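K.L.:
Build the full structure now, drawing on both the sequences and the hints.
Listed here are the chains, written in short residue letters.
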Amino acid sequence: MSSGPDGAGAAERAESLQVEGLVAGYGGVTALDDVTVTAGAGAITAVLGANGAGKTTLLRAISGMIKPRRGRVLLGGHDVAGHSPEQVVRAGIAHVPEGQGVIPELTVEENLRIGMMSWPARQRRDRAAALDEEYGRFKPLSDRRRKQASTLSGGERQMLVIARALLARPRVLLLDEPSLGLAPRVMTQVMDLVTGLSREHGLTIVLVEQNARIALAIADHGVVLNLGRVVASADAATLAADVALRHHYLGF
Amino acid sequence: MVEFLQFTLSGIVFGMVYAAVALSLVLIWRGTRVVNFAQGGMAMFTTFVAIEVIYRTHSYWAGFFVALAAGLVLGAASELTVVRPTIGKPPLNVVIVTIGLLVLLEGLAGIFYGGQLRSFPSAFSVTGLKVGGTSLGVSRNDVFVVVAVLVATLALGVMFRYTTAGLRMRAAAFNATIARLSGIRVARVLTVGWALAGLLGALAGVLVSPSIFLSPNSMDTIFVYGFTAAVIGGLDSAVGAVVGGLFLGVALSYVGGYVGGSVGSEIPPLVALGILVAVLMIRPDGLFAGARMRRV
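Read top to bottom, the protein sequences are chains A and B. Those letters in the first sequence? Residues 1 to 252, by the numbering used here. Those letters in the second sequence? Residues 1 to 296, by the numbering used here.
Derived from the structure by calculation, the hints contain no laboratory data. Being a predicted model, the structure only gives us computed values, none of them experimental. Any given hint could turn out to be false.
Listed next, the stretches of chain B that the computed footprint assigns to chain A, with coverage defined by at least 3 CB atoms under 8 Å from CB atoms of chain A [claimed, not checked]:
1. 164-178
2. 246-257
Label-pair restraints from in silico Cβ distances [unchecked claim]:
3. A:R185 - B:T163: 35 to 45 Å
4. B:G157 - A:R125: 23 to 33 Å
5. B:L273 - A:R125: 26 to 36 Å
6. A:G77 - B:G107: 46 to 56 Å
7. A:S142 - B:R33: 51 to 61 Å
8. B:Y162 - A:G136: 22 to 32 Å
9. A:P120 - B:Y162: 54 to 64 Å
10. A:G154 - B:V259: 55 to 65 Å
11. A:A237 - B:G157: 13 to 23 Å
12. A:G154 - B:T163: 46 to 56 Å
13. A:G136 - B:V277: 20 to 30 Å
14. B:Y162 - A:A244: 37 to 47 Å
For every residue, glycine included, the Cβ atom is placed at its ideal position computed from N, Cα and C.
P.N.:
In structure tokens form, the structure reads like this:
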């Protein structure tokens, strides 16, 4: 995690994200019905559930990709519900959507530079240093910075979109299915990376995963959605030990 | 042989104008997935602005640069007022809106300036250049036309490739969702794209009008040629637009020179439409489209 130009470390800036009574949907369909979730400061909160449970909609409603009909999204006392994505990322919430997050027509470095578009103009000269920091963290990206992003492997693409989100210097990171389509070994690397971002850098992470077993293994807290409602919310170990819940909603 | 050289060179000159119009269409298409049917009308209108300024100031260059500025403003204003409300509506809406804008601009120009053809001054001498007694069929002003479009194209290319503003525009065009999630104000970027397209259109209008005379619908044919050039290039490709413009310019110059005779002949527009239909039938993605499928 890059520290701010004021020298404040990320851990000191750790902030919890509170979603209260969120209602959202598409057209006449209600995909989220009165959802309340708290993502603890500097912790990993896994959002689990079957296809169509509302996991992705929850992230989209938080980041402003869709406007919630009701409810609040609180970060550091500010309600960002209903704000545009451009505003939400400036408020400190970075959303890595599922799949397709890489812009294949651009180079690796251009993809990364997009991550800094939310910076205020006066900080523009710190951009090179911030890029170097991400290149230090993600060596494979450093080696291919001038290459088209379309040449990257699945794991490298996931690194790229996470690095780009980190360059926005968020306090909260929303990750949608980061393990999707990755080989098991690469999946483990990505999960280790996510763990490190939370443990070492104090980033508050909301992790949406189809693969509940892997998500609960690294998460501190878990929330289970079913048909747009919260059906369980507990610490990750408790959820993982609940055989009936696992069988019903999580499929393992 | 001399004739062939003359037709080729004059084809390149007109081709550069078509390339400018094609580029302006590509700029808008890449950002908004809209074919701006008012592009020719906007160019015509800003050329009337140029003629007005030239009459009042007796300075060609004042008119030239005011027209470019007017193109910027007209492009941005069009996007903000009539195009923006069609976002998220059925695609036919914006087509009708741009055609409506064309009718409006041509109507306004007719009210203010009447429908007659007006001559438009050129920046430099239109006397044909000669090399060792052989007439090249192009003038000093034709050289200026080519250089002006080249400079504008290269400036845009550098802007898009090497500046943060350019990266912002490319990101917004390729993936608006990722751009917005990264904090890019995509709506503002689209306005800038329309403004730049307006500038290019104005440039094309001012450059071509000494050769075709100016009237409220004098840019209609030029728009069709520019659109054809853009389609040849695939609508998505700036390089394709320039190559398409040059190809069409030279092709029409041969047709006009060897077959159709005089300026204003009906044959070159027919040939252009024939090429347009042929490209759409054989390679609808244009001759320069990559193998990449567009995500819907």
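K.L.:
Hints the structure violates: just list their numbers, smallest first.
P.N.:
2, 5, 7, 9, 11, 12, 13, 14
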